[in-house]
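Please work from the sequences and hints to get the whole structure.
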Amino acid sequence: MKKFLGASVLALALATASAQAQQVSVKIGVLTDMSSLYADLSGPGSLWAAKAAAEDFGAEKKGIKVEFVSGDHQNKPDIGSGIARQWFDTEKVDAIVDVPNSGVALAINQVTRDKNKVFIGSGPATADLTGAQCTPNTVHWTYDTWALANGTGKAVVKTGGNTWFFLTADYAFGHALERDTSAVVEANGGKVVGKVRAPLNTPDFSSFLLQAQASKAKIIGLANAGGDTVNTIKQASEFGIVAGGQNLAGLLLFITDVHALGLQTAQGLIFTEAWYWDLNDQSRAFAKRFSAANGGKYPTMVQAGVYAGTLHYLKAIEATKSGADGKAVVAKMKELPTEDPLFGKGTIRADGRHIHDMYLFEVKKPAESKGPWDYYKTRATIPAAEAFRPIADGKCPLVSG
Amino acid sequence: MDIFGIPSQALFGQLLLGLINGSFYALLSLGLAVIFGMLNIINFSHGAQYMMGAFVAYFLLNGIPIPGMAQPIKLGLNYWWALLIVPFVVAAFGIIIERLFLHRLYNLDHLYGLLLTFGIALITEGLFRNSFGSSGLPYRAPPQLTGGYNLGFMFLPTYRGWVVVFSLVVCIATWFVIEKTRLGANLRAATENPTLVRAFGINVPRMITLTYGFGVGLAGLAGVMAAPIYNVSPQMGANIIIVVFAVVVIGGMGSIMGAIVTGFALGVVEGLTKVFFPEASNTVIFVIMAIVLLVRPAGLFGRTA
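Residue numbers (UniProt numbering), protein chains in the order written: chain A, 1 to 401; chain B, 1 to 305.
Hints should not be assumed to be uniformly reliable.
Over the 10 Å line for every Cβ pair with chain A, so calculated as not near, a few chain B residues [stated by the list, open to error]:
#1 Leu61
#2 Phe88
#3 His103
#4 His110
#5 Ile123
#6 Pro157
#7 Arg160
#8 Ala173
#9 Ala185
#10 Pro194
#11 Val204
#12 Val275
Each pair of labels, with its calculated beta carbon distance range [what the hints assert, rightly or not]:
#13 B:Tyr149 <-> A:Val193: 51 to 57 Å
#14 B:Phe286 <-> A:Asp393: 58 to 64 Å
#15 B:Arg104 <-> A:Lys76: 42 to 48 Å
#16 A:Arg284 <-> B:Pro143: 54 to 60 Å
In case anyone wonders, no lab produced these hints; they're calculated from the structure.
Quick caveat: nothing in here was measured; it's all calculated off a predicted structure.
Glycine included, each C-beta is placed from N, C-alpha and C at the ideal position.
Shown next, in the form of structure tokens:
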């Protein structure tokens, strides 16, 4: 009996030892805005989404130990890159996900490249991440300024909105969005008659709206985000801009913004997004889980992108068996076709751009909404092949050699 | 006709908009000036109290959430009720703060009051953000005040017109009470020489508590007025408070008239900057502050010590 016990203990010890030898461990840092204007559209919800992805992937059963850390970049590039450096250098973090705010994301992009780790951007908008500033360590998942400009801009010009006035947030993201949308408007035969650049986090937009009104442009393009967009739309309705015959084009709008505006004010807005919770059974199931864990809120496209990006990252880790070499992991991510419950089948291009369908949505009228967070109807699906900037136009050094 | 390359019509529009924003600055800096003038406390939680005002108005209309209860308690009290009730609710909060903490600090350096109220502001904002998220809640203007007038040079929303008139009335009434009535005289005397005033049988600590409550109530009132224009969000106070402090410094710390006049004037200056050089509209007030401090360190209306 003793012999048998001894033997089984030995066998068990050997088995665990070999299991440990096979075990791969990775640490993922969710770097996001935990407390300020983007906290609802990414923030704690993004952390939840990343953890849910690891759970759904069944990482533990596959011998992958996944740890998470999270950080608040406070929308400041210096704070963001400071956290990233600390994570990479002393806390052995292998990958950073999310990072809403283009300014911070561009800083993280460089740090990640220097340290040869992985950056999966879901929150940031600037198309420069896969353009002039692309790196072999970055994957840009959810959306970008080019896709937004193209989706909304083209649709609006084609339905007669051929003169534009831009109300732009005065920082990297606003400038990129204004630039990309102007190009689309002009390419489709429209004209940009003026623009005004408002400082970030401006409470009152009435002066700018009055200038937009005086320009007599048919469309007022809102190249801003979050609380700024919410206040602009609210005040535009107060000043009778839409009643006076001009239309607003919200170039970047999240479901949390529509929720903050209320349908009464937001109804009729047309805009482009990568994902909506009511698209299919799988997205609805995800939204239900998300809502139960996040105080009744529904997921935004950014949070969906964090989920999908993390899932695909873990698939690449399973294939490469190590997270140490960031470049190799991203190369594997590009090699493997993507497939997840939220974005369906897709690919990651050589420049790091994830390719999937985009959607043109319209905000429902209050009478059309059947329940909480039932806000969008789909106007058009923009096929993956058209939704994103052609790889040759991005001037990404990885592509042109 | 063009003035500085801008059509005069557009310019008038911008002036009016500046005046509207100025009325918020005036109302908020008035509360700050009252508190500083009478209590010598730099009330950094003023912005958070303004935000609370907007939230309480939202609760009165849409229901008060009680932790642990699934459904909020519905009251359905509209904007007009909010205008009446909110200042008292927020003032009550202020009075509790004053009784618990602030009254221990009157004999210490200004800095302690500033740090304490700043901490209170951070905690209040954090609590609201955790409970209600960061993107805000919708609140609509009352039906009596929707719509607007076409003034020829611009479309004036009725609600904004109401904001200017109402805050002017509140500002003038406050100034009148403090500068021209017996109550105001007692108050001013109590801050100059509390021992002497107490000798006349006046309860000075209670007077000071109520003054703080009044200043905080003004912030709450401004919050109700702001709710239909801006989104009711936990950050709304943090965004405006720095500007309001600049207004108070330019007007002269503690000067009631200074707070009112510079509040409106700086609103107009900011509005004009939005036309001529929009990128600088967030900083113009601080440039003016720097210049004023160089030329008149006590502020435009300040009494030099």
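Against the structure, the hints:
1. Consistency note on Leu61 of chain B: stated as away from chain A, and its beta-carbon is indeed over 10 Å from all of that chain's, at 12 Å minimum.
2. Listed as a non-interface residue, Phe88 of chain B keeps its Cβ farther than 10 Å from every Cβ of chain A; the least gap is roughly 26 Å.
3. Every beta carbon of chain A lies more than 10 Å from that of His103 of chain B, the smallest distance being close to 31 Å; the non-interface claim holds.
4. Once the 10 Å rule is applied to beta carbons, His110 of chain B is consistent with being away from chain A; the minimum gap is 28 Å.
5. Chain A leaves Ile123 of chain B outside its interface by the beta-carbon criterion, the shortest separation being 13 Å against a cut-off of 10 Å.
6. A beta-carbon of chain A is positioned within 10 Å of the beta-carbon of Pro157 of chain B; the least distance is around 5 Å.
7. The claim that Arg160 of chain B lies off the interface is violated: its Cβ sits roughly 8 Å from the closest Cβ of chain A, which falls inside the 10 Å cut-off.
8. With a least CB separation of 25 Å from chain A, Ala173 of chain B remains clear of the 10 Å interface cut-off, as annotated.
9. The claim that Ala185 of chain B lies off the interface holds: its Cβ sits roughly 37 Å from the closest Cβ of chain A, which is beyond the 10 Å cut-off.
10. Here Pro194 of chain B stays apart from chain A, with its beta-carbon at least about 39 Å from theirs, past the 10 Å limit.
11. For Val204 of chain B, the requirement that its beta carbon stay farther than 10 Å from each beta carbon of chain A is met, with the minimum near 38 Å.
12. The Cβ of Val275 of chain B sits about 7 Å from the closest Cβ of chain A, inside the 10 Å cut-off, so the non-interface label is violated.
13. Look at Tyr149 of chain B against Val193 of chain A: about 27 Å separates their beta carbons, and that is not inside 51 to 57 Å.
14. Distance hint check for Phe286 of chain B and Asp393 of chain A: the Cβ-Cβ separation is about 41 Å, which falls outside the suggested range of 58 to 64 Å.
15. Range check, Arg104 of chain B to Lys76 of chain A: Cβ separation about 35 Å, and the 42 to 48 Å hint is violated.
16. Arg284 of chain A and Pro143 of chain B have their C-beta atoms about 36 Å apart, which leaves the hinted 54 to 60 Å range violated.
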